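Engineer: So you can see what is in the structure, the chains are spelled out below.
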Amino acid sequence: MTSVPDPLGMLERMWLIRAFEERVSELYARNQIAGLLHLGIGQEGVAVGLAWGLEPRDRLFGGHRAHAHALARGADPARLLMEIAGRATGYCGGKGGTMHIAAPETGFVTATGVVAGNIPLALGSAYASTVSGDGALGVVAFGDGAGQTGSFHESLNIAALWGLPLLFVCENNGYAEFSPLSAHTKVERLARHAETYGIPAVTVDGNDAAAVLAAVRDGVDRARAGGGPTFIEALTYRLRGHYEGDPGKYRELSELADWKQKDPIARFVADQGLEAESPAAEARARAIVDAATDAALAAPHASVDQLRTQVTAEAVA
Amino acid sequence: MSSPETSAALGADPSDASDPSVMSDPPARAGWSRLSYAEGMALGLREALASDPTVRLMGQYFFGLTPWRRLTVDIRERFPDRVWDPPIAEIGYVGTGIGAAISGLRPIVDVATASFIFQPFSQVVNEAANIHYMTGGQTRVPMVIHVNHGIRGGGAAQHSHSPQAMLWNTPGIKIMTPSSARDVRGLLRTAVEDDNPVFWADHAKLFDYVDDVPDAEERIPFGVAEIKRAGTDVTIVGTSLMVRRALEAAEILAADGISAEVVDPRTLVPFDTETILESVGRTGRLVIVDECHQSCGVGAEIAARVAEHAFDALRAPIRRIATADVPIPFGRPMEELVEPSAAKVVTAVRSLLG
Amino acid sequence: MSTLRYIDAIRTALDIELRRDPSVVALGEDVTYGGPFGATKGLADTYGTRIKDTPISEATVMGLTVGAALSGLRPVMEVMYIDFITLAMDQLVNHGAKLRYMTDGLLQVPMVIRAQGGARGSMGAHHSQSLEAWFAHVPGLTVVAPSTPADAQGLLQSAIRSDDPVLYLEHRGLYWQKGEVPDGDDAALVPIGRAIVRRAGSDVTIASWSHMMGAALAAADQLAADGIEAEVIDLRSLLPLDLDALLGSVGRTGRLVIAHEAVTQGGLGAEIAAQVQERAWAELAAPIARVGAPFVPPPFAPELERAFVPDVDAIVAAARRVLDTPSRAARPSPQSVEA
Amino acid sequence: MLPDLPGEELVAQLRTMLRIRRFEEALIRLAADHDIGHFHVYVGQEATGVPALALLGDGDVAYTTHRNHGHLIARGVSPAGMVAEILGKATGINRGKGGTLHLASAAHGFPTTSSSVGGPLPIAVGSAFAFQELGLDRVSVALFGDGALEEGAWHESINIAAMRKAPIIFLCENNSLEALGQKANEYPSSTLAAVRLTDLVDPFGVPAVPIDGTDTRAVHEAMAEAVQRARTGGGPSFIEARTVRWPGNRPLWPQLLTGETDVTFAWDPSGIPAEHERWWSQQDGLLRFLRELLDAGHVTREQAIAIDTEARDEMAAAVTFALESPYPEAEEAFEHVFA
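Note that the protein sequences, when read in sequence, are chains E, B, V and G. Start counting at 1 in the first sequence, then tack on 12, and there's your number in our numbering. Start counting at 1 in the second sequence, then tack on 11, and there's your number in our numbering. Start counting at 1 in the third sequence, then tack on 14, and there's your number in our numbering. Start counting at 1 in the fourth sequence, then tack on 6, and there's your number in our numbering.
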């Protein structure tokens, strides 16, 4: 067992993410949320292990499955849910939605709906801190499907060449959209690519939040000491389909059952000896989500008056 | 009539989808069948695969994530060795499609959501579109590039693009934007047999519309517009899903005694300017409804042409109904406001008729 | 005032803004060397690592530029030939242009993308395009295309100071042209979104930008020899367009010719024509004429390249065509026009 | 060392190398008097391209880049038609529409030539894909420089090729030894973080070998093995052929900095100018090949001079043909947009 400094905080945040994602799923099923939803149930260990290793100034960029990352960094669940439900009071005024959530004041800069589209953004953020000297790390979380894109390769190369203060966090959940990784590449561990460019790379059990945290700390220490980027490949599993409504028929039920046994929350509770505290932590998380839901559903829908605002800094006609 | 668009909403399990044989009414006439747009697509794909052993499908999201995607499963079962699922590497697999086309195959490459065309944009506009020209006519690139374009509900700014106007500014690539089961099937057959790259833009909200389709094989030529509804007071030109919105508008206008003619160009490249000019010659008024952004959109080119060549026939300025010039917002009320609608077409027509 | 070549004016603008604002950086392939045409030559001597060479990875460098912009810098990225921007379209169109809107202003993307284009010097279909219409179609972007050294400097300075992603389009056929540029850090600034009348006239309006301005002014000279006074407008800013300037001019002349080097079909001329015919319906005395390149990729051979690029004669012919149309004062008045 | 091939085949390869060398030299001289735009020459890489492409058969295809002249000559394309194309003449192999960047001859297995770095890589994979699907015993070759490895297209292409076990050979001509801007890696490449280029290939499980691109035996053997692997279902191969960048390639426009090639340098080093001693005596693969042929007795000095004279005469005639050829009719610009 790896000890962590704030086990109860991490546990409660994992419960918050789980409760939040389950609620989003329910609301979607009840047709109270629009759009193409990608949930991270089962991957909470990576998001929380990552967030607990960062400082507030560090800038995290998420992908299309990023609710967990925003919450892990401290995004307000109510404002986040409002955004996902297209409300005027959501983080992005309802203009972004599930795939484009942002909570920059928490260090969760933005998400993107384009596979691997966030990797160059994080690269630029890390580059900016080398110029401005603000000491912020660039951090990017992406899935294994991003590993076959050109941007992935280009970004590893530039990060290594320039020695950027950057963490690549690959959440390898075994599936790129609907295909197992083996159908998309012969490369089993994407960390192999990082090694090619001389980037220190480590593969960890992503369902072990403490192990993720330890790997993140190593990477953070390296980057802050001027040692350049680190690549962390966290092996995990998506307990839901690629998107809500995905029947997931491409997966074996036995595989799903196996992974349910490795639930990152249960694992963390057992490893950290939090059996006594867990039910209350879960209850607190669910209460927060209940309140967030009430607030979100009561919030006004995005206002059409805001349709033409923020296209550019200069107001458009 | 309730719009079938709603049932194309994302996310339902395919097993929940209504059986198309139940959805389809009995054949309207002998030798014709009533098919949904999605079934028309699937028919065209199956016919193309059956008629030419060099046809290949690259990609698996022809029907997006709608329940109709089980039709891909059906195609895969019939042609198990002719469908390839590439990795999420659009530059790589679109380029693979180009090379395969150069070397003897006729690939139909699916880029799925049209917003993702910007990933392999260089392959599409710098390579596929230019190769025949740059080589002085030596090499041909007979391929079809498929996307599902447009505002589909909650897709927000990165899953709602209609990039066809940008490609209309790009010499060397043909563009088809069908609006009915019959058109998509017939145009697809022509596209697959064409020796040029063809950009094929579908709209997920078209998939459920049902129309008559001839049982016999049919190839619809490119560059021939179809008058989808005859009228005398105003011409409405629509493309893709917007043909449906135009027809809805014409229906509403008819109740007011306004006779609208609805013209569907069906292909942007080549483009049938003549049919539109003839129609405008009769009606004297033109409204264009297209789902690209307005600035430099498809409507701009049509308006500029008609304004130049039918200047004397026009009795009123040409009006464009397009997607507002903002990134597509996520929230529903805003999304409804930015997209072109039948109501907006009706308002525009009324403003022209005073 | 100093006399500068267009390319020197670009370098001067970069120099001033790099000096004024430590958050400005310049990125691109071989920019420390000066790039293929010398626009950034010598800047690395003064500004050190703020002038940054990148690998040939357009997609990622564009995304990196976006990421740097939303993390506090004002990056200026050079795309060596605008044709190569096709490799970076996703980052530009799906990210750079949209992030402000998608986040409702939580983020801003103050970046400049410099790219040169145009069919000059027989470079063929991959190095010669004029692609402004693509970008004028993308909400969230600002697009400018200067035609003189003064505007080259002034618009680039304004672009760097803008909080929006700006596509700054250079034409390599203009690089060696000289002109007067006001001295000083702020004297040359040119506001974005403002067209300028380069020649006043009352018979026909000719709207153009970038390298085609030279042909437009030459055409006006030819027409003047026949007693036809053309008003020549340099749009300079392509998104947003200065429609008021155009409508004002067309209100006086009743006739409009739009000339650009890009392919006519789907070009920016279509958008301008569509807007003007709608909003100046009553004033238009003749059809709007568009002059642009044919619907073909830029060819290589010098003869073919000359046939591809619209010339002075084409603009003169278009002007005569619209002037030959009998004036239609009795055109029916427009109905209420929606905003 | 020499490939294990009959003497007459080796002499034929020498002839091809000399024809390429004299073609490029003639072009550089031609550029002094004629504006032929920016171009790239293959000087110094002949010993890679000639033995490698000699292993291809009818129906095999190769996709090359902006540095394509040598590859085309190696597979039998007419130098006269190539110079004519470079001058934009009607008799050019692309009818004046491609130019130096896009020289292509489908009949010789060059279906199209892209000047977008990395652009042809996935297209080459596509041809291999088609050969697989159609059951054709053909291979596809992607020819590219080390810069292409900086592009995302590279990563996507090799991943797909490896997944499909496609019959493709990635022949990377790394001509960056002694080039500008080297980094301190084991082998220089301006902007790649990988220590060895072949490291980029290893994760995909594709066999990858670095070879000396001036060692014709190494080229022949690596290519023969790769072709054999492709033809027998073994999938893709990667070859990195390393050569020194010819000094005349260092300026933006190629120049005859080392003077014209003098074949007598192969046996009489006393004539070699001191400032380019290393180039002519150690780094030029063509002269190395000639020395080895002389040593092995496959060719005499007199024969070498005769072959070289023929090559010079052929290229002089090619230039004359091109200069005397007519330019295309301007209307040709509108042909071949669509098939």
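Be a bit skeptical, because a hint or two may be false.
Far from chain E, some chain V residues (derived; all Cβ distances over 10 angstroms) [to be verified]:
no., residue
1, R34
2, G119
3, D177
4, W190
5, D199
6, G228
7, F309
8, A328
Chain G stretches covered by chain B per the calculated footprint, using a threshold of three residues with CB under 8 angstroms from any CB of chain B [claimed, not checked]:
no., stretch
9, 42-51
10, 163-170
Keep in mind that the hints were calculated from the coordinates and are not lab data. Being a predicted model, the structure only gives us computed values, none of them experimental. Each residue gets a CB set at the ideal place from its N, CA and C atoms; glycine is no exception.
Engineer: Now tell me if each hint is right for this structure.
Structural biologist: Comparing the hints with the structure gives:
no.: 1; hint: R34; result: holds, 15 angstroms
no.: 2; hint: G119; result: violated, 4 angstroms
no.: 3; hint: D177; result: violated, 4 angstroms
no.: 4; hint: W190; result: holds, 33 angstroms
no.: 5; hint: D199; result: holds, 21 angstroms
no.: 6; hint: G228; result: holds, 30 angstroms
no.: 7; hint: F309; result: holds, 30 angstroms
no.: 8; hint: A328; result: holds, 32 angstroms
no.: 9; hint: 42-51; result: violated (count 0)
no.: 10; hint: 163-170; result: holds (count 4)
The structure fails to meet hints 2, 3 and 9 from the earlier list, while all remaining hints are met.
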